[in-house]
Amino acid sequence: MRIWKKLRTLWRQNRFEADLAEEIRIHREMSGQAAFGGTALFLEQSREVWGIAWLESWKQDIRYALRSFRRSPGFALGVIGAIGLGIGLNTTMFTVFNAYALRPFAVHDPYGLYELSWYGKTGNGHWFTWDQFRDLRTYKAAFSDVMATGNFGAQVNGRTLLGQTVSGNYFSMLGVGIAQGRPLLEEDNGAVAVVSYQAWRNTFGADPALVGRKIYIRGTPFEVVGIASPAFSGMEGLPTGFWLPLRMSSLVTDREDLFGPRHPESLHIVGRLQPGVSPEAAKSALLAWARAFAPDAIGVTLVSRATSVPLNRDAILTFLPIFAAFALVLMIACANVSNMMLARALARQREIAIRISLGAGRARLVRQLLTESVLLALPAAAAGFLISEITIEGARRLLFATVPDAFRRVLALEDLSPDWRVFAFILAASVVTAVLFGLVPAIQTTRSRLVEANRGDFSSDYRPARLRNFLVVAQVAVCALLLICTAIVLRSQARVTAQTTGLDIHAVWDVRAISRYQAQVATRLAAEPGVEAIAAAWRAPLYGSSRGIAVIPNNRSDSVVVSYNLVSSGYFSVFRIPVLRGRAFSDAESEAEAPVVIVSESAARLLWPNEDAIGQSLGVPAPATTPDRIFARFPRFASARVVGLVGDTLSGLLEHSDFKSCIYFPTHAGIPGNDSILVRMSGPQGATRRRIETAMDQIAPGLADFINPMDDVLALQIYPFRVTGWVAGFLAGVALLMTVSGIYGVMSYLVSQRRKEIGIRVALGASAWQVVRMVVRQSAWLATIGAALGAGLALAISPVFAHQLEAIQPYDWAPYVATALVVLIAAIAASYAPARRAVTIDPVRTLRCD
Amino acid sequence: MGLKKPVSHQADFLPGTLEMLILKTLSRGTNHGFGIAQHIQQVSQDALRIGEGSLYPALQRLLLNEFVEAEWDVTENNRRARYYRITARGRKHLEAEKKSFEFVLAGIARVMEA
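In order, the protein sequences belong to chains F and L. Reading the first sequence from the start, the letters are residues 1 to 850 in my numbering. Reading the second sequence from the start, the letters are residues 851 to 964 in my numbering.
Only chain L is shown next, with the shape it has when bound in the complex (with noise of 0.2 Å):
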C-alpha cells in the first residue's frame, strides 16, 4: 500500500550491466525468461546468477524502451513460453553499452593497478 521508492534490483551489478548481458544473451537468438538467465549462469560458469526478482522487471524496462519485443510461443519440449527478440533499437543500445562498459572497466583496471 505504502508509496515506495524504486528497489534497487540488482546491487551486485553496475546499473545498466544486467540489462546488457540480457541483450548480449539475446543477441545470439530469441530466448525465454528461464533460458536467458540459465545462458548467463552457463557462460559466467556459475558467477553470474540471476533470480527472478531481478530478471523480470529488468525485461519489463527493455520493453518499455523497446529494446526487445515478447511473444508467447511453444518451447521445444511443448510447452509454452514468452519469447523475447532483440529489435534494432536493441542491438545498437548494446553496441554502445558494450563501448560505455569497457571504457568504464579500463579505468577501473587502471584504478586497482595504480
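Looking at chain F on its own, in the form it has when it is part of the complex (with noise of 0.2 Å):
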C-alpha cells in the first residue's frame, strides 16, 4: 500500500511538488512573512519522507548515463560486445550444465528418487535379483515404492536407440503421461513396447499408425502399445528410445534368465524414499534388509536419481575445470572493460573534480559509475543470451558434422533449450559482472581529493597505474593459462594420434547383435562375397582400456598381470596380426575352447625372459570372487599350453602406450559371452554396411545393434582430444584477442595521457626508436610478468588435470615456451600502433597547449 502510494506520488512528482510549493507560499502570505529563502529545502525533506529522493536521483543518473554513451557509442558498443561474448559463453556452458546436472527429469517428484546398490568387504556394487526386488516392494521402512531397470542398447529402423526392459510399475510410480495408446502395466508380461516420443518422431518419422504395429527389436517382434509423453525420455544418461517388459530380458540381452535357476543379480533398482525418511535414516533401513540374504553386506550406497548427473563430488570437480576455462574468459572481458572504464573515468577526472567541490558525496559518484555499469551490462546479458543460443546450435551442428560416422547414429542429446535457470544464470552474471567491471573505476576515480582536483593536478594519484597494470598482468595471465592448456591437449591429441596400433583395421568391421544369433551371423556373413576373414572375440579392439588377469607362468610361483582376449582362429587374420612362431588357433581348438594360449611378443618377453615361450604352460588361477559376467570373462581351464607367437598390438586405450603385452584364448561365435563379430571385408563402406545389414535382417528382422567400421571406432578414441582441443582453443583464441585488444587499449590510454613527457623527451632529441621502445617496453614487460604467473598457474593446476586423465601430460617444456612466445609477440604488436602514434607526436604543438 505504501509502495504503491509512492510510486503514485513519484509518478505524479510534478503535481506534488507544485502543491507543496503553493501550499507553503499561502503559508507564508498567511503568516505574513516575507518569503525569505526558497522552496527547495522544504521540497527536499518532504520529498525525503516519501523516500522518492533517492529514486529521483536515480532518475537523474541513468539519464545522465545514457546521454554519455550517445556521446561515445562506440565505446558502449566495445563494452557490450566484450562482456556480451563472456556472458554467451559462459551461458552456453551453463545450459548444458543445466540439462545434465540441474534440470530434473519430468517425473513425479524426481528428487524423492534414489538408485540403490549394496556393496561387501571387496568393494565390488551389487545389483538384485528379481526375487530380492519382489522382496524389497513389499518392505515399506525406507521406500514407498520401487521400480526395477536393465538398459541395452538395439538398432530399430536403422538407428541405434537405448532400450529399457522395465518393471510393470514403471510409468505409474514415475507418474509418466502417455501420448498415445497405454503405458506398460503389471500385468504385461509378453512382447509389448512402449516407444519413446522422440525415437516416434525420428526413427519411426511420426507414423499415426504405430500404435499397434509390430516392430524388431535384436530380432524379436514387439508390438507397440503406446508413445510416452514429449516431456519424458527416460532417466538415463542418454535419452530413452523404448521401453519393454521385464519378463522380455531374456529375448533381448545376453544376461541370463531372471527368472532362471541361477537368480542372477542383474536388476537396477531405483525407489522413492517414504516421506519424511532421511536418505541417511533409508540407508541403515536398507542394510538391514539386504543383510538378510547378502550377510557379508557391509553397506548401500543410494544416488539421487532427479538429474541425468547426480550432483555430487564427483559431478562437480568434473565440472568445475571446464566452468573455470570459461569464467576465466569472462574476467578477461571484466578487466578489459574495466580498463576502458578507467580510462574513460580518468579522462573524466575534471568533471568528477567539479562535482566533488560543488558538494557530491563519494557514494553518490560511485553509485552514479555503478549505474553506468549496470547499463551496460543489461544490454549485454540480452547480447550474451544471443551469442549463447548461436554458439549452442553451431556447436551441436559441429558435433554432428564431424564425430564419427558411425557414431553419429547412436549420439542423442538431452533438450538443451533455455528455461528460468538459465535466464537466472544470465541475470546474475550480467549483474556480477557490472559490479566487477564498474566497481573498482568508480571507487578508484573518486579517490582524488578536492584540493588537487581543483588546481587540476590530477598525476600526483599513482594508483590507477598500479590498478591498470595489474589488470593487464591479470589478463595475460590468463590468456597464458588458457594457451598452455590448449596446446597441452593439442599435444596430447598428436601424441595419441601418432601411435601404431599393429592392428590393420582398415576395411574390418565390428559386428554386434545378440549372442544367441551370433554363430548363423557368423556363417551367413562368410559366405558373403568379398569376404576376407572373420572371427569372433569376447572383446572387439580399441573400445576402450583393455581387460587384465593375473597368470602364473611354469618357471615361476608368482602372478604377472597382462592383458587378454578370448578370440577364434581368424582374429589375427582379420587384423593382420603377424603370427611370428608357432601357429594360430585351429577351428577345433575354437569351438571347443580348448587349453591353449597365444602370446604376443612383449608378453613372451615378461613372462619368461630368456627361454622360447612356445610349448610352456601358463597357470590360470580362478579369480577369487564370482566375476561380474558382463565385465570379466574367464577361461575355464587351469593351466594352458602356448602354441603361437604373434605380434604386439595396442588394443585397449591410444593413451596406454605401454600396455602391449597381450595374451589370447581360444573362443568361438556362438559361445555365449563374446560381444563381437569381427569381418574383414573390401568394397566402399555405404555399400559394404548395407550387405552386412541386409545380410543380417535375412536371419531376422533388426537383429543388428551396430554395424562399426572399425576405422571410425578407432576415431572415436581420438574425438575426445579434437574436441577438447577446439574447445580450448576456441576460449584462448577469444582471450587472446581480448588481451590483445586490451593491452592496445592500455597502451593507446597511456601514450595519450603521456603526449607532453613525450614531447619533452622528443625535443630533448629523443630519437623515434627510442620513444617506440620506450612504449613496446612497458607492454612487454606487464606482458612477461603475466606470462610467467600464467606459466606458474598452470603448473600449480596441472596434477589436478594429469590426474584426472591419463593421457595428458602436463609437463612437457613446448607448450610453456610456444605460449611464451605467442604471449610476447602479442604484447609488442598490440603495442606497435600506439607506440607509432607516440612518434607522430609534434613536440612543438604539445608543449605549446596547456
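Derived from the structure by calculation, the hints contain no laboratory data. Here the structure is a predicted model, which is why all the values come from computation and not from measurement. For every residue, glycine included, the Cβ atom is placed at its ideal position computed from N, Cα and C. There could be a bad hint or two in this list.
Not close to chain F: a few residues of chain L, all C-beta gaps over 12 Å, as computed [claimed, not checked]: (1) Lys874; (2) Thr875; (3) His882; (4) Ile886; (5) Arg930; (6) Val954; (7) Ile958.
Restricting the straight-line Cα-Cα distance to at most 27 Å, the calculated cross-link-like pairs of lysine-lysine (DSS-like) are [said to hold, decoys possible]: (8) Lys5(F) to Lys59(F); (9) Lys948(L) to Lys874(L); (10) Lys140(F) to Lys948(L); (11) Lys874(L) to Lys942(L); (12) Lys283(F) to Lys121(F); (13) Lys874(L) to Lys59(F).
Assembling the complex is the task here: the two chains are given apart, and the hints tell you how they should meet.
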C-alpha cells in the first residue's frame, strides 16, 4: 500500500511538488512572513518523507549515463560486445550443465528417487535379483515404491536406440503421461513395447499408425502399445528410445534369465523414499534389509536420480575445471572493460572534481558510475543470450558434422533449450560482472582529493597506473594459462594419434548382435563375396581400456598381470597380426575353447624372459570372487599350453601405449558372452554396411545392434581430444583477442596521457626508435610478468588434470615456451600502433597546449 | 545532490509528538497547515512554535500513513488553501499515541521527582 502510494507520488511528481510549493507560499502569506529563501529545502525534506529522493536521483543518473553513451557509442558497443561474449560463452556452458545436472526429469517428485546398490568387503557393487526386488516391494521402511530396470542398445529401423526393460510399475510410479495408446502395466508379460515420443518422431517418422504395429528389436517382434509423453525421455544419461516388460529381458539381452535357476544379480533398482525418511535413515534400514540375504553386505549406496548426472562431488569436480576455463574468459572481458572504464573515468577526472567541489558525496558518485555499468551490463546480458543460442546451435551442428560416422546414429543430446534457470544465471552473471567491471574504476576515480582536483593536478595519484598494470598482468596470465592448456591438449592429441596399434583396421567391421544369433551371423557373413576373414571375439579392440588377468608362467610362482582377450581362430588374419612363431588356433581348438594360449611378443618377453615361449605352460588361477559376466570372462581351464607367438598390438586405450603385452585364449562364435563378430570385407563403406545389414536381416529383422567400421572406432578414441582441443583453442583464441585489444587500449591511453612527457623527450633529442622502445618495453614487461604467472598457475593446477586424464602430460616444455612466445609477440604487436602514434607527436604542439 | 541522512525535523520534541499534536488539532475539525500551526501555538500559550520546516514534512508523513487526508478548498476570507482532515485510522493512532505519551510522561515525572 505504502509502496503504491510512493510510486503514484513519483509518477505525478510535478503535481506533488507544485502542490507543496503552493501550500508553503500560502502559509507564508498567511503568517505575514516575507518570502525569505527558496522552498527547495522543504521540497527536499518532504520528498525524503516519501522516500523518493533516491528514486529521483536514479532517474537523473540513468538519464545522464544514457546521454554519455550517446556521445561515445563506440565505447558502449565495445563494452557490450566484450561482456556479451563473455556472458554468452558462460551461458552456453551453464545451459549444458543445467540440462544434465540441474534440470530434474519430468517425473513425479524427481527428488525423492534414488538408485540403490549394496557392497560387501571387496567393495564391489551389487545389483539385485528378481526375488530381492519382489521382496523390496513389500519392505516399506525406506521406499514407498520401487521399480527395476535393465538397459541395452538395439538398432531399430536403422537407428541405434537405448532400450530399457522395466518392471510393470515403471510408468505409474514415475507418474509419466502417455501421448498415444497406453503405458506398460503390471500384467504386461508379453512382447509389447512403449516407444518414446522422440523415437516416434525421429525413428518412425511420426507414423500415426505406429500403435498396434509390430517392430523388431534384436530379431524379436514386439507390438507397440503406446507412445510416451513428449516431456519424458527416460532417466538415463542418453534419451531412452523404448521400454519393454522385464519378462522380456532374456529375449533381448545376453544376460542370464532373470527368472531362471541361477538368480542373476542384474536388476537396477530405483526407489521413491518414504515421505519424511531421510536418505541416511533409509540407508540403515536398507542395509538391515540387505543383510537378510547377503550377510557380508557392509553398506548400501543411494544415488539421487533426479537429474541425468547426480550433482555430487564427482560431478562437481568434473565440471569445475570447465567452468573455471569459461569463467576466466569472462574475467578477461571484465578486466578489459574495467580498463576501458578506468581510462574513461580518468578522462572525466575534471568533471568529477567539479562535482566533488560542488558537494557531491563519494557514495553518490560511485553510485552514478555503477549505474552506468549496470546500464551497459543489461544489453550485454541480452547479447550474451543471443550469443549462447548461436554457440549452442553451432556446437551441436559441429558435433554432428565431425563425430565419426558410425557414432552419429547413436548420438543423442539432452534438450538444450533455455529455461528459467538459464535466465536467472544470465541475470546473476550480468549483475556480478557489472559490479566487477564498474566498482573498481568507480572507487578508484572518486578517490581524488578536492584541493588537488581543483588545481587541475591529477597526476599526483599513481594508483590508477598500478591498478591498470595489475589488470593487464591478470589478463595476460589468464590468457597464457588457457593457451598452455590448449597446447597441452593438442600435443596429447598428436601423441595419441601418432600411436601405431599393430592392428590393420582398415576394411574391418565390428558387427554386434545378440549372442544366440552370433553363430548364424558368422556363417552367413562368411559366405558373402568379398569377405577375406571373419572372427568372433569376446571384446573388439580399441573400445576402451583392455582387461587384465593374473597368470602364472610355469617357471615362477608369483603371478603377472597381462591384458587378455578371447578370440576365434580368424582374429589374427582379420587384423593381419603377424604370427611370428608357432601357429594360430585351429578351428577345433576355437570351437572347444581348448586349453591353449597365444602370446604377444612383449608378453612372451615378460613371462619367459630368457626362454622360448612356444610349448611352455601358463597357469590361469581362478579369480577369488565370481566375476560379473558382463565385465570379465575367464577361461574354464587352470592351465594352458602356448601354441603361438604373435606381434604386439595396442588394443585398449591409445594412451596406454606401454600396455602391449597381450595373451589370447580361444573362443568361437555362438559361445555366450562374446561381444563381437569381426569381418574383413572390401568395398566402399556405405555399400558394405548395407550388405552386412541385409544379410543379417535375412536371419531375423532388426538383428544388428550396430555395424561399425573399425576406422570409426579408432577415430572415436581420438575424438574427445579433438573436441577438447577445439573448445580450449576457441577459449584461448577469444582470450588472446581480448587481451590484445586490452593491451592496445591501455597503451593508447598511456601514450595520450604521456603526450607532454614524450614531447619533451623528442624535443630533447630522443630518436623515434627510443620512443617506440619506451612504449613497447612497458607492454612487453607486463606481458612477461603475466606469462610467468600464467605458467606458474598452469603448473600448479596440472597435477589435477594429470590425475583425471592419463593421456594428458602436463610437464611438457613445448607448450610453455610456445605460449610465452605467442603472448610476448601479441603484446608487442598490440603496443606497436600506439608506439607509432607516440612517434608522430609533434613536440612544438604538445608543449604549447596547456 | 548529496545523499543525506533524513534530517531530524523536531529536535525539541519527543519523536512522534508533533504528529500527535497535529492529529489532536485536526480531531477538532479540518484545518489548513497555517491554521494547525496557529492553533498549537495559541493553545500552548506560545510555548510551542511550529516552523514550516517541521510542519510540512510531518504532514507528509501523516499523509503517507493515511492518518490524514488533504484537499484544496477555499478559506473564510476566500483564499485557496489545502485542508487536512483526520481519518478513522488517524483517530485510532491518536488514541494509541495519547496512551503511550501519558505513560512516558508519568515515567519522566517519577524519575524527576525521585
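Violating hint indices (sorted, rising) = 3, 4, 5, 10 and 13
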